[in-house]
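Chemist: The chain contents come next:
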Amino acid sequence: MSDHDYRPKSKVGQWFNDRLPLLTLANHLTDYPTPKNLNYWWTFGGILTFCLITQIVTGLTLAMHYIAHADMAFESVEHIMRDVNYGWLIRYIHANGASMFFLAVYIHIFRSLFYGSYKSPREIIWILGIIIYLLMMAAAFMGYVLPWGQMSFWGATVITNLFSAIPLVGEGIVTWLWGGYSVDNPTLTRFFTLHYLIPFLILGLVVLHIWALHVPGNNNPVGIDIKKPSKDTVPFHPYIVIKDGFALLMFMIVFAFFVFYAPNILGHADNYIEANPMVTPAHIVPEWYLLPFYAILRSVPDKLLGVVAMLSAILILAVLPWLDTSKIRSAVFRPLYKQFYWILVADVLILGYVGAMPAEGLYLLIARVATAYYFLHFLVILPVLGFKEKTLPVPLSITEPVLGGSPNLAGARNKESKIE
Amino acid sequence: MKNLFKLFSIIILIITSHSYSFAAEKVEYLKTDWSFKGLFGKFDRASLQRGYQVYTEVCASCHSMKYLSYRNLAEPGGPEFSEAQAKAIAASFEVTDGPNSDGEMFTRPGKLSDKFVMPYDNVKAAQAANGGAYPPDMSVLVKARGGGVDYIYSLLQGYEEAPSNVSLDDGVYYNKYMYGNKIRMAAPLSDGLVEYGDGTNATVEQMSKDVTTFLMWSAEPHLESRHQMGFKAIVYLIILTVLVYFSMKRIWSRVESEV
Numbered sequence: 003m004s005d006h007d008y009r010p011k012s013k014v015g016q017w018f019n020d021r022l023p024l025l026t027l028a029n030h031l032t033d034y035p036t037p038k039n040l041n042y043w044w045t046f047g048g049i050l051t052f053c054l055i056t057q058i059v060t061g062l063t064l065a066m067h068y069i070a071h072a073d074m075a076f077e078s079v080e081h082i083m084r085d086v087n088y089g090w091l092i093r094y095i096h097a098n099g100a101s102m103f104f105l106a107v108y109i110h111i112f113r114s115l116f117y118g119s120y121k122s123p124r125e126i127i128w129i130l131g132i133i134i135y136l137l138m139m140a141a142a143f144m145g146y147v148l149p150w151g152q153m154s155f156w157g158a159t160v161i162t163n164l165f166s167a168i169p170l171v172g173e174g175i176v177t178w179l180w181g182g183y184s185v186d187n188p189t190l191t192r193f194f195t196l197h198y199l200i201p202f203l204i205l206g207l208v209v210l211h212i213w214a215l216h217v218p219g220n221n222n223p224v225g226i227d228i229k230k231p232s233k234d235t236v237p238f239h240p241y242i243v244i245k246d247g248f249a250l251l252m253f254m255i256v257f258a259f260f261v262f263y264a265p266n267i268l269g270h271a272d273n274y275i276e277a278n279p280m281v282t283p284a285h286i287v288p289e290w291y292l293l294p295f296y297a298i299l300r301s302v303p304d305k306l307l308g309v310v311a312m313l314s315a316i317l318i319l320a321v322l323p324w325l326d327t328s329k330i331r332s333a334v335f336r337p338l339y340k341q342f343y344w345i346l347v348a349d350v351l352i353l354g355y356v357g358a359m360p361a362e363g364l365y366l367l368i369a370r371v372a373t374a375y376y377f378l379h380f381l382v383i384l385p386v387l388g389f390k391e392k393t394l395p396v397p398l399s400i401t402e403p404v405l406g407g408s409p410n411l412a413g414a415r416n417k418e419s420k421i422e
Numbered sequence: 147m148k149n150l151f152k153l154f155s156i157i158i159l160i161i162t163s164h165s166y167s168f169a170a171e172k173v174e175y176l177k178t179d180w181s182f183k184g185l186f187g188k189f190d191r192a193s194l195q196r197g198y199q200v201y202t203e204v205c206a207s208c209h210s211m212k213y214l215s216y217r218n219l220a221e222p223g224g225p226e227f228s229e230a231q232a233k234a235i236a237a238s239f240e241v242t243d244g245p246n247s248d249g250e251m252f253t254r255p256g257k258l259s260d261k262f263v264m265p266y267d268n269v270k271a272a273q274a275a276n277g278g279a280y281p282p283d284m285s286v287l288v289k290a291r292g293g294g295v296d297y298i299y300s301l302l303q304g305y306e307e308a309p310s311n312v313s314l315d316d317g318v319y320y321n322k323y324m325y326g327n328k329i330r331m332a333a334p335l336s337d338g339l340v341e342y343g344d345g346t347n348a349t350v351e352q353m354s355k356d357v358t359t360f361l362m363w364s365a366e367p368h369l370e371s372r373h374q375m376g377f378k379a380i381v382y383l384i385i386l387t388v389l390v391y392f393s394m395k396r397i398w399s400r401v402e403s404e405v
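Each protein sequence line maps, in turn, to chains V and U.
Numbered by this note's numbering, the letters in the first sequence go through residues 3 to 422 in order.
Numbered by this note's numbering, the letters in the second sequence go through residues 147 to 405 in order.
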């Protein structure tokens, strides 16, 4: 961050900036040196910011019309869908926006896994990201409860009941969460409050996430440290802004397709039946983005251990920078890791699939194998791979991405010194 | 670029096939050509009006539609009865109102602003009158069933003699498309049950299609404007995307890196 010597041109600007350096911040953001070889997987950070803002804006609008009461919530959602001007549009953007948000965050996370973006010196960015992801899951889960349909009610019942697995205090905690002896009006009102709060917590964490990013700068597909600014970087504006904008528009086309032409395809039909504590749905399934963890939960026969496994599956990500012992960041130069990476991707997709199926027979067996492999990947394969793997030679700079033998290496070194 | 396209198509495939897998576990539903499907899908007005007739003459004696108001019948994108027709429909129902200045409830003819009058006062009354089964509210029924319109359309035509190995209790009927094949509702439709004003032949198939179309509208009253706006929005986005793509190419041509 070498741009702190910035001075506004105008007198007024200088006067203001000396007192509150907002213009310095703006200058830092536009000039921010970004690796020029970032591919489209790197555009999802911007897309996620868009998703968050969209959810907050549509959510605020919905909250103006929604009534958080067990007797009126379902009806107020129908009121939004029918009588509020463009209420159907706002609600469908919000409901599908949650799915789009998770779609983008999963791509963002798996991009980080592929290119080793979580490694030193970016551990704090990564951990902040995991906290954001956890909060997103909490917000999404509570948001799904608000329409007070059958899946809302029974999803809330199943998930909150997980806490009863905690020894001794479990039952007490569940009663405390519910605000009563079953999921009921007090549960709904507190979920609404928290659902309203969490996005702003996420917003704050996103600021920290970006701040922490701007200290070491972006990782890049080659995964090497680069000099900033240099021939290897471009200023954030206009290069990255336009590229992120282009990717965002592509993303919005997909988003719009769901909102306008398949707005209910990602939801469950049962959630259009008003919550009824006397009737249990045949299959209680969470939203698609939580299915892999749901599969892990159900694959363990013991309730407490199931909950522990599910939480560990997420929390294990937080210690990933220390589980991965390889010094090389990008999978491009790690032939073995690359293969294990794609096996992990397949493993998570399989977990998602079996999470939607009844937990019995072959599905249960597959879920157990996939769960075991998930932990094996992080706890055994990654630590061992760092020591055993024979990595490919890594280039010295982005402008010299191909590296054969030592002559090239010398050439790259020469170039480096010239840039300096 | 190519990767991004690939990714989006794979993701969409996964997500959509995923949701379909919930519905796919059941029998094949009967198919018909719904006018409201597709990019430009619109409701067939005449079918909606006939569907309302079927609903009000057949279904409404047991099934409520509590989220609809009589004014909806005259709104654009729906059956589009004229305002006078909708007023007449509303007035043909007795609505309990009050309390008046004497503190008493009274009945009066319905107004456009009234919600559809419910056949029973409450769920218990509905159950008592129907052998313990609650006839579900039909406002959002097609969205509340996995197979959607195809399921409802098939169910209405799915009544059959029970196979010999299935025993049915009193007041339970066999239906090919019902979950578990047992349904508490007797076959509601029979040929010629209603007399259509426009001369359409009231076969079971025709009535099933009309009433299902009506239910689709009642569940998604803004479907037409959604489709229209969606098309405009997506065309707009595509044009903007192309423009931004070429601007991006131009800007990035200053550095030798590829986008």
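Possibly wrong hints are sitting among the right ones.
[Stated by the list, open to error] Quick list of in silico lysine-lysine cross-link-like pairs, BS3-like style, CA-CA up to 30 angstroms:
no. : chain 1 : residue 1 : chain 2 : residue 2
1   : V       : Lys233    : U       : Lys257
2   : U       : Lys270    : U       : Lys188
3   : U       : Lys177    : U       : Lys233
4   : V       : Lys392    : V       : Lys229
5   : V       : Lys329    : V       : Lys11
6   : U       : Lys261    : V       : Lys230
7   : U       : Lys257    : U       : Lys233
8   : V       : Lys305    : V       : Lys392
9   : V       : Lys229    : U       : Lys233
For the record, the hints were derived by calculation from the structure and aren't laboratory data.
Chemist: Next step is simple, just say for each hint if it's right about the structure.
Modeler: Status of each hint after checking the structure:
1. A threshold of 30 angstroms between alpha carbons decides the hint, and for V:Lys233 with U:Lys257 the separation of about 74 angstroms lies outside it, so the pair is violated.
2. Using a Cα cut-off of 30 angstroms, the hinted pair U:Lys270 and U:Lys188 is violated, with the two alpha carbons roughly 38 angstroms apart.
3. Straight-line distance between C-alpha atoms of U:Lys177 and U:Lys233 comes to about 35 angstroms, which puts the hinted pair past the 30 angstroms bound.
4. About 27 angstroms separates the Cα atoms of V:Lys392 and V:Lys229, which keeps this hinted pair within 30 angstroms; it holds.
5. Under the criterion of a C-alpha separation no larger than 30 angstroms, the hint pairing V:Lys329 with V:Lys11 is inconsistent with the structure, at around 45 angstroms.
6. Between the alpha carbons of U:Lys261 and V:Lys230 the distance comes to roughly 66 angstroms, so the proposed pair goes past 30 angstroms and is violated.
7. About 7 angstroms separates the Cα atoms of U:Lys257 and U:Lys233, which keeps this hinted pair within 30 angstroms; it holds.
8. Annotation: proposed proximity of V:Lys305 to V:Lys392 is violated, straight-line Cα distance about 41 angstroms (limit 30 angstroms).
9. Between V:Lys229 and U:Lys233 the alpha-carbon distance is near 75 angstroms, which puts this suggested pair outside the 30 angstroms criterion.
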